[in-house]
Amino acid sequence: MNCAAIKQKLAAIGAGAVSETDYARKGFALDVQVAPEQLVAAVSALDAEGFFIEAVTGVDWLGEQAALRKAAEAKVAAEAKAKAEAAAAAGEEAPPAEPAAEQGELPEDALEAVYDFNHYESLCRVTVRTRVPRSKPEVPTISQIYPGADWHERETHDFFGIIFVGHPYLVPLLLPEDADYHPLLKDFRP
Amino acid sequence: MSAFAESEAKETFVLNLGPQHPATHGVLRVKLTMDGEYIAEAEPVLGYIHRMHEKMGENRTWAQFLPNTGRMDYLHALAYNHGYVSVVERAAGIEVPERAEYLRVITAELNRVSSHLLWFGAFILDLGGFSPLLYAFDDREHILDLLESVTGSRLTYCYFRFGGVYNDIDDNFVPGTRAFIKRLRERMPMYHNLVTKNIILMKRLQEVGPISAEMCRKYGATGPVCRGSGINFDVRKHEPYSIYPEFDFDVPVYDQCDSMARYMVRMDEIEQSLRIIEQALDKLPEGPVMAEKVPKILKPAKGDYYHAVETARGSFGLRVVSDGTNTPYRLKLRSPTFSNLSLFGEACQGMLLPDALALMGSLDLVIPEIDR
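Chains as they are written, first to last, in the numbering used here: chain U, 1 to 190; chain V, 1001 to 1372.
To be clear, the hints were calculated from the coordinates, so they are not data collected in a lab.
Among the hints, erroneous ones may be present.
The calculated DSBU-like cross-link candidates involving lysine-lysine, where the alpha carbons are at most 35 Å apart (straight line), are [stated by the list, open to error]:
#: 1; chain 1: U; residue 1: K70; chain 2: V; residue 2: K1055
#: 2; chain 1: V; residue 1: K1283; chain 2: V; residue 2: K1055
#: 3; chain 1: U; residue 1: K26; chain 2: V; residue 2: K1218
#: 4; chain 1: V; residue 1: K1283; chain 2: U; residue 2: K7
#: 5; chain 1: V; residue 1: K1203; chain 2: U; residue 2: K26
#: 6; chain 1: U; residue 1: K75; chain 2: V; residue 2: K1283
#: 7; chain 1: U; residue 1: K26; chain 2: V; residue 2: K1031
#: 8; chain 1: V; residue 1: K1055; chain 2: U; residue 2: K186
#: 9; chain 1: V; residue 1: K1302; chain 2: U; residue 2: K26
#: 10; chain 1: U; residue 1: K83; chain 2: V; residue 2: K1302
#: 11; chain 1: V; residue 1: K1299; chain 2: U; residue 2: K75
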């Protein structure tokens, strides 16, 4: 088993983006983006190749869309400014400022579920990610494939509120049994 | 009475093991559904000392999180130090002087030996033998003295810094460590004669608590638990970090899959750690122990970084997400015993309760690391 074989298999499933990362710089070999509905197929492929599960966790990308828009706006403004300066240098009259593009509503920020896999024999650390909207964070469970994912998914549900659809026992693991908050969400206030 | 339940559970009752039971090493509760003396179902209940280290990580600067790492696995704190500084050094691109890496490996391996010694004593205590604990603590005390002279603390170490270690060793450290290695080598045969060859211990451990290699894979078990099931997996060899490739050492692997195999793996690892320390002392180079020009305020480049180290209990992995500011955006701590304990529910089904306690002891649980 080597990294190239599993990379091909994952690409065959239709995973959005399978990219090889710089192992020395990043510490993992493959970075795989999948849609939630492709997750089970991707994890089954890893299971068939003999990978073991390291961890499941999440990342809250609150504010990412706003930051992206801000960066895009700054880029447009910088280009317009450069154009105006070039025109001034050439002794021409500055072109009229273009009206700002119509801004629609911001797309919703995402919650990301991150799955880490590793192999006992060959060095190939695989990271699988899937993104779901913050208002409806539903990801299929993989605990039927890897029973070890059971606790990791419960932990991720505790911390991020990601709902693992089909999980047999999705009750708080590390938080108190009546906990109704998710402390690792960026908008969590104790 | 057979070692496994012979029929389906007919009439059961619920038994709470812990959270204040001495065999659960800390505050772990196991909700057992019992069929007489046999376990029909076991559900570990976690979270009694959950402190949310991951959230703390998001609320302080990279350097301010350093002391937290020693407070998860208090028995092998230096490996946790090592994992955290390594992942941040990887993210920020910091080079570490060679002498500092040697000191990191020497102290981390000494710490591993102390962890295994404490496990040895406590494990035999779980099985009802009191005196080995006193012998093990006697030896462990020497390690604590050595480490105290270097790190300044005896248990929750915070010795490593980004770019090196904070303190060089004193003149007594090298001869003291060599004397300790000699002493422990002389004591190991006594441990084996006193404990390993003891017929009661053998009967309690051999062919008890089977964990198959496939079960290890499905639950992500690492460390001595998977090496007791015939899987040759040690992060120090598999994914070499620091200066481990420079040393000649073996990875003990036993394929009996029982509690005895896990016991033997750890006992053999003590000798392998001593070998590493000895070689490191021989080769210890002169030079600085801190890199120059480590920025006071770290701002690692945006992105994800992963680093794993081998602790006394298995593979400890850190996933760091940096957004380019002076605090981590996300800090995931993957602790080995969390995964190792998750297989307990399946592994102990149908076992006698005392055998299940032997199995639990052979997993080497450290609860603050599971709960984080």
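Hint by hint, here is what the structure shows:
As the CA atoms of K70 (chain U) and K1055 (chain V) are separated by approximately 27 Å, the hinted pair is consistent with the 35 Å bound. With a CA separation close to 40 Å, the supplied pair K1283 (chain V) and K1055 (chain V) exceeds the 35 Å bound. At most 35 Å may separate the alpha-carbon atoms for a hinted pair to count; K26 (chain U) and K1218 (chain V) meet this at roughly 25 Å. Distance check on the hinted pair: K1283 (chain V) and K7 (chain U) sit about 41 Å apart at the alpha-carbon level, beyond 35 Å; violated.
For the given pair, K1203 (chain V) sits about 47 Å from K26 (chain U) by alpha-carbon distance, which is inconsistent with the 35 Å threshold. A distance of roughly 54 Å separates the Cα atoms of K75 (chain U) and K1283 (chain V); the hinted pair therefore is violated under the 35 Å criterion. Annotation: proposed proximity of K26 (chain U) to K1031 (chain V) is violated, straight-line Cα distance about 41 Å (limit 35 Å). Using a Cα cut-off of 35 Å, the hinted pair K1055 (chain V) and K186 (chain U) holds, with the two alpha carbons roughly 10 Å apart.
Simply put, K1302 (chain V) and K26 (chain U) have alpha-carbon atoms about 11 Å apart, close enough for the 35 Å limit, and the pair holds. Restraint check: the Cα-Cα separation between K83 (chain U) and K1302 (chain V) comes to about 30 Å, which is no more than 35 Å; the hinted pair holds. Between the alpha carbons of K1299 (chain V) and K75 (chain U) the distance comes to roughly 23 Å, so the proposed pair stays at or under 35 Å and holds.
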